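Q: Chain by chain, the residues:
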Amino acid sequence: MAKRRPETKPGAGIYNRLAVLRADRGLSRQQLADALEINYQTVGFIERGDYAPSLELAMRICELFDLPMESIFSLRPLKPLSEILSGHSPLEATRG
Amino acid sequence: MSAIEPTHPTGSSAEQSKRRRWRRRQIIATYAFYAAVVVLESVRAHVALDSGARRVGLAVFALAVLAFLVSLVWLVAPSVRYGLSNRSHRQPALAELKALREQGVSAKQAAAMFNRPADERQRAIREHARAVAYQIIGPAIYLVALYLIFAPQFFNHPWLPSSETEQVGLLVGVVLLFSTLPAAVIAWSEPDPVPDEAT
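Listed in order, the protein sequences are those of chains A and B. Under the working numbering, the first residue of the first sequence carries the number 1, and numbering increases by one thereafter. Under the working numbering, the first residue of the second sequence carries the number 97, and numbering increases by one thereafter.
None of these hints come from the bench; they were simulated from the model. Note that the structure is a prediction, hence the values are computed from the model and not measured. Misleading hints may appear alongside valid ones.
Unchecked claim - Which residues of chain B face chain A? A few of them, derived with a C-beta cut under 8 Å, are: (1) ARG212; (2) GLU216; (3) ARG219.
As the list claims (entries may be wrong) - Taking lysine to aspartate or glutamate and the DMTMM-like style, the derived pairs with C-alpha atoms no more than 25 Å apart in a straight line are: (4) B:LYS204 - A:ASP66; (5) B:LYS204 - A:GLU37; (6) B:LYS114 - B:GLU260.
What the hints assert, rightly or not - Derived list of chain A stretches under chain B, where covered just means 3 residues or more per stretch with a C-beta under 8 Å from a C-beta of chain B: (7) 27–38; (8) 41–55.
All residues carry an ideal CB built from backbone N, CA and C; glycine is no exception.
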């Protein structure tokens with residue numbers, strides 16, 4: 001029997017930093033949703049990787065945060081910002 | 097990776113969450129209650145019962161109809177929650193309404209602010225649900241139509257739905273499927289909504 005595709009909806013495979021950026025700017029999901037004119041559930045779905053935004057919405061998100069696309073979205077897992085800022089993995093630091 | 101930096105898809109849609117399992121049971125229950133109503137009606141039409149058994153049968157039939165109607169209302173509700181409608185409505189908090197009133201925003205303008213067109217995700221799931229439902233409903237309509245046309249001619253079993261009431265019951269089933277399947281597809285496949293956050 002053919003194996004079912006695990007995920008066919010748009011959403012799987014796009015990695016993003018939306019949650020950490022939103023927290024960094026002190027925005028609630030509702031405030032971000034109002035700024036982007038979308039439902040606040042959509043913000044949550046994007047953050048937890050259940051939905052990948054269209055190119056138009058992704059560009060509006062980039063415009064809102066004033067960041068390039070590759071800083072927010074990626075086809076590969078993104079490094080945590082803390083690791084980028086400190087230059088090393090926090091897990092490595094705790095291991096000593 | 098830090099827990100507050102969800103920089104990769106968490107895959108929650110792939111998880112069989114408890115709430116989704118419960119939703120799926122509700123969908124199955126809705127259609128099962130419909131089947132129970134049809135079967136009980138068939139029993140009532142074909143089995144001779146004494147007055148006591150008839151009263152019990154009637155009570156069971158009424159309960160099945162009630163359970164079916166309640167579950168039907170529940171089944172249609174996901175269309176509102178998950179965006180099957182063309183609008184995206186959010187119930188504003190009282191504090192939000194008060195703040196808007198203080199800013200001089202009229203009630204009509206406030207209502208428009210919380211009632212905007214469905215966004216791209218809501219439109220996408222709505223179209224996906226309708227496409228899936230269409231693939232199921234099309235063959236179902238043909239099967240019921242063929243059955244109603246040919247079954248009375250070729251099969252003569254007394255338990256087959258042959259009376260007008262039973263045939264109407266089958267047509268009601270098609271209408272039920274037609275009107276509820278998109279909402280059922282959404283409720284079946286959508287991940288759990290993101291919980292509200294304290295702001």
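Q: Determine which of the earlier numbered hints do not hold for this structure and return their numbers in increasing order.
A: Hints 3, 4 and 6 contradicted; others consistent.
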